[in-house]
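Asks: Just so you know, the sequences run in chain order L and B. Quick note on numbering: the first sequence equals residues 1 to 183 in this note's numbering. Quick note on numbering: the second sequence equals residues 1001 to 1264 in this note's numbering.
Watch out, some of these pointers could steer you wrong.
Unchecked claim - Lysine-lysine pairs mimicking DSBU-like chemistry, simulated, CA-CA at most 30 Å apart:
(1) L/LYS165 <-> L/LYS61
(2) L/LYS20 <-> L/LYS48
(3) B/LYS1044 <-> L/LYS61
(4) L/LYS20 <-> B/LYS1044
(5) L/LYS61 <-> L/LYS48
(6) L/LYS48 <-> B/LYS1240
(7) L/LYS165 <-> L/LYS20
Said to hold, decoys possible - Not the full set, but computed from the structure, chain L residues with beta-carbon under 8 Å of chain B:
(8) LYS20
(9) HIS42
(10) ILE50
(11) ARG53
(12) GLU57
(13) GLN59
(14) LYS61
(15) VAL75
(16) LEU125
Source of the hints: derived by calculation from the structure; they are not laboratory data. Remember, predicted model here, so these are calculated numbers, not experimental data. Quick reminder that beta carbons are idealized off the backbone N, C-alpha and C, glycines included.
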Amino acid sequence: MRAYGQGDARAFEVLYARHKAATYRYFLRHAGGDAATADELHQDLWLKVIGARERYEAQAKLSTWLYTLARHRMVDHWRSRHGMALESLEDEAIVMQAEESVAAARAGSDDPLHATVDAEARQRLFAALADVPPLQRDAFLLHVEGGLSLEEIAGLTAASGETVKSRLRYAYRRLRAALEDMT
Amino acid sequence: MSNHEREGSRTPVADDALDRAWQQVSDEQPPPALDAAIIAAAHKSTQGSNEQAQANRARPPYRSWLTRWQPLAAAAAVAGLAFVLVQSLPRDRDVAPSLRMEEPATTPAAAPEKTGSPAAREAIEAKSATPPASTVPRESVTAPAVAIDQKSEADSVTAKRATEVDQRQLAAPETAGRAASAAPAAPVPAQTTAAQAATATAEAATRDNAAPPDATDRAARVAALYAVGDIDGAAEALRKFRAVDPGADSYLPESLRAWARTVE
Chain L
1 MRAYGQGDAR AFEVLYARHK AATYRYFLRH AGGDAATADE LHQDLWLKVI
51 GARERYEAQA KLSTWLYTLA RHRMVDHWRS RHGMALESLE DEAIVMQAEE
101 SVAAARAGSD DPLHATVDAE ARQRLFAALA DVPPLQRDAF LLHVEGGLSL
151 EEIAGLTAAS GETVKSRLRY AYRRLRAALE DMT
Chain B
1001 MSNHEREGSR TPVADDALDR AWQQVSDEQP PPALDAAIIA AAHKSTQGSN
1051 EQAQANRARP PYRSWLTRWQ PLAAAAAVAG LAFVLVQSLP RDRDVAPSLR
1101 MEEPATTPAA APEKTGSPAA REAIEAKSAT PPASTVPRES VTAPAVAIDQ
1151 KSEADSVTAK RATEVDQRQL AAPETAGRAA SAAPAAPVPA QTTAAQAATA
1201 TAEAATRDNA APPDATDRAA RVAALYAVGD IDGAAEALRK FRAVDPGADS
1251 YLPESLRAWA RTVE
């Protein structure tokens, strides 16, 4: 990023090739598989990176900085789309609704149109993740797609390590349930 | 995100089986068109800044009107200041004459020849080549000194002598009175005026400037001093004259020769 900040466009190509898939999937999973939304958010993120090239200062890991931008963009998207912040979705009522949605998604995954096992597994997993409350989902995606550690996620989301651990545990439990159904 | 990276960041709550299943199914990539658009934007950004940087390097740094003309303006200002300074400085040549110019104003009498004694008139007439100081223009008075030596040293000597002349002028009436009382047998009448004394002394001083004085000048100086009643001064001048020219007495007017014979 520093090389790109000094005008080396090739450095950006390397940087983008390394992170583009993970950031794209981060948005795609948050958008419930909506490719158009993921495209829009992904493009916004990287244009922001391009715009910040001269201001970038290596104060933390690049991936942490990158996912901080990505998460801010995601929060903005949630606010504009649903009129609420991510934090407001963490109460118990939302969690209960999410669990009901997981059950519904599990029922919907029995759709006979899914021809292959892979396609079915993907559908189940994604459906299960889509029904995980946003903060848990966000922690899970930051961990498995962004490769961020528990501490990094805690710093990025301004939450305690225990809170992040709890969110991750919840997300894993949900997804494990979906995976067990497949096997 | 590689598997190695994912494993490296594993948390205590992670589930390996789930992570593997997730990695198998989660392999989406952004559309190539989106990649191309983003990379194009990145190139455009760097290209724009590089072109700007090249343009900045190629273009000479902007210099304002003031910056461009500042050296010339400063040089012109210094030159102008030097010119004004030189013009405002007093010229050495003007210093000494300015003192002389005051002589007529400080001298009470204006026509010494008409009221002076015959001896004084004769002494002055003996120096026929040099007109009286009061009637001589300033330039002609100073001209000999300038012609002989253009250096300012000569001018300063002139100024010094002119100052001495002024002092003598102030002391002249007293000297004249004293001479009249001390030497009643002297051929010079006591009614010699201060104006005559000043004129004669100034003339003598003027002659001093024209060095070296010839015999006629020296004789005239002796006569002038005698005429103003400065007998001692006249005697001293005569002695010096004799030292230079043993036949000095022959240059003196007839009226002074008897007195000259009394001078040892």
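Asks: All the hints need checking, so say for each whether the structure fits it.
Replies: Against the structure, the hints:
1. L/LYS165 <-> L/LYS61: holds, 21 Å
2. L/LYS20 <-> L/LYS48: holds, 14 Å
3. B/LYS1044 <-> L/LYS61: Distance of about 26 Å is within 30 Å: holds.
4. L/LYS20 <-> B/LYS1044: holds, 19 Å
5. L/LYS61 <-> L/LYS48: Distance ~17 Å between L/LYS61 and L/LYS48 Cα, so the pair holds.
6. L/LYS48 <-> B/LYS1240: violated, 110 Å
7. L/LYS165 <-> L/LYS20: With a Cα-Cα distance of about 26 Å, the restraint between L/LYS165 and L/LYS20 holds, given a limit of 30 Å.
8. LYS20: Status holds, d = 6 Å.
9. HIS42: holds, 6 Å
10. ILE50: holds, 5 Å
11. ARG53: OK, holds: L/ARG53 within 8 Å of chain B, min 7 Å.
12. GLU57: violated, 18 Å
13. GLN59: For L/GLN59, the interface hint is violated, since the closest Cβ of chain B sits about 20 Å away, which is over 8 Å.
14. LYS61: violated, 11 Å
15. VAL75: Constraint on L/VAL75 not satisfied, violated at 21 Å.
16. LEU125: holds, 6 Å
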